[in-house]
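Asks: Protein chains in written order, with our numbering: chain Z, 9 to 122; chain C, 605 to 721.
Treat the hints as calculated values from the structure; they're not laboratory data. Hints should not be assumed to be uniformly reliable.
Short, incomplete list of chain C residues facing chain Z, as computed with Cβ under 7 Å [stated by the list, open to error]:
no.	residue
1	K645
2	I649
3	M650
4	F651
5	S652
6	T709
7	P714
Cβ atoms here follow ideal geometry from the backbone N, Cα and C, with glycine treated the same way.
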Amino acid sequence: AQKVTQAQTEISVVEKEDVTLDCVYETRDTTYYLFWYKQPPSGELVFLIRRNSFDEQNEISGRYSWNFQKSTSSFNFTITASQVVDSAVYFCALRGYNTDKLIFGTGTRLQVFP
Amino acid sequence: DTAVSQTPKYLVTQMGNDKSIKCEQNLGHDTMYWYKQDSKKFLKIMFSYNNKELIINETVPNRFSPKSPDKAHLNLHINSLELGDSAVYFCASSQELETSGVQETQYFGPGTRLLVL
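Construct the complete structure from the given sequences, taking the supplied hints into account.
Replies: Quick look at the structure:
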């Protein structure tokens with residue numbers, strides 16, 4: 009069975025703080041794909057990143073960075089110098105190799121206060 | 605130039621009515637999906653279509669029926685609406701890689717907020 013756990017339901021930080029959103033996954037597939045999506049207050053789902061299971065390199069995109077560790081089945085997301093516009097619900101998701109189905113975590117609501 | 609669009613954005617209706625939500629993608633993708641997001645923000649897949657063929661059909665009441673007139677459109681018809689159908693419904697699309705058959709990233713529409721009274 010496949011499962012994604014985002015244990016942090018809600019995180020509140022003050023602007024310019026760094027914040028890490030945790031994601032732990034379970035799968036029996038040897039090849040799989042991990043994703044992060046952002047859902048701002050306006051409600052749409054915005055794709056942020058996709059990572060293949062055979063590529064454990066960490067990735068940085070501006071203030072965003074992702075730490076993929078197969079040994080701990082984690083795919084954590086860090087926002088550096090957070091801004092009010094980062095306030096949103098962030099979803100981690102998993103997809104197995106031979107399926108189209110995205111399994112989502114329950115989301116982490118991030119609130120960044122000025 | 606919206607990639608994945610849905611209409612309507614908001615839908616308020618009475619119990620027992622039949623309604624449809626439309627989805628269109630202009631990305632040239634061959635696979636489309638419907639997801640449901642409940643009041644606790646939990647997202648779950650309902651259906652997926654690849655080139656007009658039903659691929660995934662999760663445990664969804666048969667009051668829900670997807671219809672794909674062509675690969676750029678996937679509509680969701682809901683019969684005999686119930687209070688529990690109130691949710692946000694998201695359409696998404698992705699492209700299958702010819703070389704591997706693996707699906708690429710799913711891109712989502714803006715969502716349709718359905719409220720059943």
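Asks: Does each hint fit the structure? Answer for all of them.
Replies: Cross-check of the supplied hints:
1. K645: Interface hint status for C:K645: holds (5 Å vs cutoff 7 Å).
2. I649: holds (5 Å)
3. M650: It is violated, given that the least Cβ distance between C:M650 and chain Z is near 10 Å, above 7 Å.
4. F651: Violated. Min distance 10 Å.
5. S652: C:S652 check passes; min Cβ-Cβ to chain Z is 5 Å, inside 7 Å.
6. T709: holds (5 Å)
7. P714: holds (5 Å)
Of the numbered hints listed earlier, those contradicted by the structure are 3 and 4.
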